[in-house]
Amino acid sequence: MKKKLDIAKWEFLEKVRSKAFLISLILMPVLMVGFAILPGLLASKPDTRIYTLGVIDETRELLPTFSKKLEEKYRIENDLPNYVIRNLWIGGDLNAVRQEAVQLVAKGEIYGFLYIPSDVMLNGKVEYRAENVSNFRIAERLSRTLEETLTEKKLIAAGFDASLIKELRTRIDLRSLKITEGGEEKESGFLQTFFGAYIFIMMLLFMVLSSGQLLIRSVVEEKTNRVMEVLLSSCSANDLMVGKILGLSALGLFQVAIWSLIGIALSLQLGTNIVAVEYLWLLAVYFVLGYLLYAAIFVGAGAPVTTEQEAQQITTYVSMTLVFPIVLAVPATQNPDSILIKVLSFIPLMTPSFMLLRISVQLPPVWEIVGTLVLLAVSVVVAMWGAGKIFRVAILSYGKRPTIPEMVRMLRTR
Amino acid sequence: MLNVSNLRKEFDTIVAVDGVSLTVNRGEVFGLLGPNGAGKTTTIRTILNIIKPDEGTITFDGLPFNERTWNAIGYLPEERGLYRKSKVLNTIVYFATLKGVEPKEARRRGHGWLERFEILDRAQAKVEELSKGNQQKIQLIISLLHQPQLLVLDEPFSGFDPVNQILLKDILLDIRKQNTAIIFSTHQMEQVEKMCDNICLINKGRPVLSGSLRQIKQQYGKNSVHIDFEGEGGFLKDLPMVKKADVYQNYCELELHDIRQSGELLAKLNGHLLIRRYEIVEPSLNSIFLDVVGHQTSPVAP
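Same order as they appear, the protein sequences are chains A and B. The opening position of the first sequence corresponds to residue 1 in my numbering, with each subsequent residue numbered one higher. The opening position of the second sequence corresponds to residue 1 in my numbering, with each subsequent residue numbered one higher.
Hints were generated in silico from the structure; no laboratory data involved. For glycine and all other residues, C-beta sits at the position ideal for the given N, C-alpha and C. Mixed in with the good hints, there may be bad ones.
To be verified - Keeping only pairs whose Cα atoms sit at most 25 Å apart, straight-line, the calculated BS3-like set for lysine-lysine is:
(1) 68(A) x 166(A)
(2) 222(B) x 244(B)
(3) 166(A) x 73(A)
(4) 104(B) x 9(A)
(5) 87(B) x 2(A)
(6) 2(A) x 52(B)
(7) 85(B) x 4(A)
(8) 4(A) x 87(B)
(9) 73(A) x 125(A)
(10) 52(B) x 389(A)
(11) 85(B) x 9(A)
(12) 19(A) x 85(B)
(13) 2(A) x 104(B)
(14) 132(B) x 87(B)
(15) 126(B) x 9(A)
(16) 126(B) x 19(A)
(17) 4(A) x 52(B)
Claimed, not checked - Chain B is nowhere near these chain A residues, computed Cβ spacing over 12 Å in every case:
(18) 20
(19) 61
(20) 62
(21) 99
(22) 120
(23) 126
(24) 141
(25) 166
(26) 235
(27) 253
(28) 373
(29) 385
(30) 411
Make a model of the complete structure from these sequences and hints.
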């Protein structure tokens with residue numbers, strides 16, 4: 001055991017001291033913050049400017065109600081209206097006015113303009129033109145307000161009382177509540193659930209990839225520089241394998257821990273809710289077992305590798321199986337009971353990811369949990385055994401990569 | 001100390017080692033010789049428990065390889081290399097702790113060795129910043145810092161300049177005095193002749209010659225003539241009394257059919273060559289090697 005720990009310590013310390021580790025330690029959170037937070041900040045940032053929008057109202061009756069509604073509904077700081085409506089057509093040549101409106105947009109006097117044709121009451125077709133039509137918020141608000149205006153007009157025309165209409169209109173504000181085990185209701189949106197599970201899978205993916213890659217790299221390095229032989233005259237191949245897995249897992253865990261701390265500190269600063277994950281222990285079990293399974297696969301697949309390029313390929317293939325569940329993550333959270341998801345949960349390579357997702361959404365039936373856990377644990381044992389066999393023989397093979405039959409023979413050796 | 005008997009190891013289709021037996025005692029330098037691909041490295045790896053033999057037994061002081069044996073052996077592989085990005089002293093300490101030396105003690109001894117090899121100022125440098133020769137010194141330190149009882153050195157002299165070769169030789173003799181068994185695998189016969197007590201010569205996986213160096217030489221008898229000369233020596237190998245010739249630019253080793261013909265030989269040389277030295281000797285290990293291995297025409301690098 002002492003030798004295993006010595007090896008683990010060395011692998012850990014040497015990698016922690018390396019520049020590459022320091023860079024990834026800093027760079028990754030920066031990227032994460034960039035990817036995760038910035039778009040959110042940008043998208044939800046409230047408007048600070050007033051948009052002047054032109055309207056050509058061919059019906060000659062919608063404009064007053066429409067502009068009043070729009071100005072009342074959307075406000076920015078200091079209670080200023082978000083949108084100011086300018087009537088562009090009082091009469092005359094419609095085409096000329098439209099030409100003019102385009103000029104106004106070009107000159108920047110108005111942001112865009114809305115053309116309401118006279119037959120809008122019949123087919124509801126209107127046109128919005130602006131230089132930047134990808135600002136979907138404006139388009140969406142315009143159409144929604146116009147819709148309300150039209151509905152109101154139609155109802156009044158049908159003989160409804162105006163005050164009644166106001167009463168009929170109820171604003172819907174959907175709050176989704178998740179029922180937890182204690183019967184307690186907790187506010188939690190779909191996104192939060194999704195994100196909670198997602199973080200765990202990302203963490204698993206990240207740890208598997210980073211320590212898996214380091215593992216292969218370190219084996220390749222020791223094979224290239226022949227340190228392997230000196231090591232094997234000091235300890236058994238098994239010591240070496242276990243030591244490496246221990247050391248590099250500790251490294252991955254250390255990295256993830258630091259990032260989690262950064263993440264928690266950041267969200268406390270920003271005042272965001274920290275998702276409290278239930279069944280943390282169960283998640284942890286899947287996490288650890290899943291990690292060990294992948295570690296074994298990396299060892300078995302990586303030991304025969306002799307060059308960095310091959311190592312890269314192997315990492316890519318193995319990570320695919322981990323990424324696959326992420327692709328299916330959205331349907332899985334939306335419909336955790338689907339047969340496909342259940343079946344996939346029983347494939348050991350995907351068990352960790354899917355179960356992490358499913359447990360966060362809704363606790364699966366006990367038999368499924370027990371079943372997947374047993375299957376996963378058995379695969380870990382088998383994979384570790386096989387990896388150990390291959391590792392023992394393959395770490396001394398230089399030159400060409402062994403073929404599949406050769407790998408099978410390695411498994412059969414005493 | 002070490003006893004190997006009837007070792008056999010096969011790889012897929014080739015028999016790498018077959019029937020190798022040897023005994024190495026404490027305080028002895030044992031030469032494991034053989035041409036390239038003879039099975040030396042396989043033999044060494046099997047002794048060091050890096051690979052398992054198919055047949056045969058290996059014992060250390062009568063016991064099979066066990067947990068404690070790891071710490072009693074030291075190994076310098078033929079192909080050299082270290083962790084390139086790690087610091088010199090850290091690397092030394094790591095390998096020493098793997099061999100069961102306390103880190104503090106390892107650091108102290110590491111210092112001592114770096115001093116003896118005159119590279120103490122490089123202790124905190126990264127390995128990759130060192131010259132090839134200095135890296136080799138580090139590897140040598142790694143192989144012997146834990147004071148192994150059995151030290152296995154594969155071509156220890158290659159890559160060292162003459163000054164360092166002498167330093168290395170002195171160190172090996174010191175270690176030998178401390179009652180360490182040293183196995184020395186090489187094809188540099190000169191070094192073997194200077195240092196080894198017993199040898200085992202392997203060819204194509206089989207032992208072809210083994211025993212004490214002195215006995216082997218006696219066994220091959222005094223039928224060799226060494227000549228230092230000036231002139232064109234090409235005709236030497238065609239002389240009737242010469243059984244075998246190994247001719248260099250201004251030196252040759254001749255094996256005669258009968259040593260009594262040496263006077264005849266000397267007479268033939270007169271007028272053709274300027275003789276600087278003419279000596280009847282035991283055959284050099286090199287010529288025995290060539291003889292046994294059967295590469296009379298292609299001399300192995302001395």
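Handout entry: Distance rule for residue 253(A), whose beta carbon must clear each one in chain B by more than 12 Å
Key = holds, 22 Å
Problem - Proposed proximity, residue 2(A) with residue 87(B) (alpha carbon, max 25 Å) - result: At roughly 23 Å apart (the allowed maximum being 25 Å), residue 2(A) and residue 87(B) satisfy the hint.
Problem - 25 Å limit on alpha-carbon distance, applied to hinted pair residue 104(B) and residue 9(A) - result: Given that 25 Å is the threshold and the Cα spacing comes to 16 Å, the pair holds.
Practice task
Classify the label on residue 411(A) as holds or violated, using whether its beta-carbon is more than 12 Å from each beta-carbon of chain B.
Solution key: holds, 15 Å
Practice task
Could you let me know if the closest chain B CB is still more than 12 Å away from the CB of residue 373(A)?
Solution key: The claim stands: residue 373(A) keeps its Cβ more than 12 Å from every Cβ of chain B (closest is about 35 Å).
Handout entry: Holds or violated: residue 85(B) to residue 4(A), with C-alpha atoms at most 25 Å apart
Key = holds, 22 Å
Exercise for the section: Compute the least Cβ-Cβ separation between residue 385(A) and chain B, then decide whether it is above 12 Å. Expected result: Holds, since 18 Å exceeds 12 Å.
Problem - Nearest-CB test (12 Å) between chain B and residue 20(A) - result: About 9 Å separates residue 20(A) from the closest Cβ of chain B, which leaves it inside 12 Å; violated.
Practice task
Measure nothing beyond the straight line between the CA atoms of residue 132(B) and residue 87(B); if it is 25 Å or shorter, mark the hint as holding.
Solution key: Holds - the C-alpha atoms of residue 87(B) and residue 132(B) are around 15 Å apart, at most 25 Å.
Problem - Pair hint outcome, residue 2(A) versus residue 52(B) [Cα-Cα no greater than 25 Å] - result: Holds, at about 23 Å.
Problem - residue 2(A) paired with residue 104(B) [C-alpha distance capped at 25 Å] - result: At roughly 16 Å apart (the allowed maximum being 25 Å), residue 104(B) and residue 2(A) satisfy the hint.
Problem - Distal placement of residue 99(A) relative to chain B, Cβ over 12 Å - result: holds, 70 Å
Of the numbered hints stated above, those contradicted by the structure are hints 18, 26, listed in ascending order.
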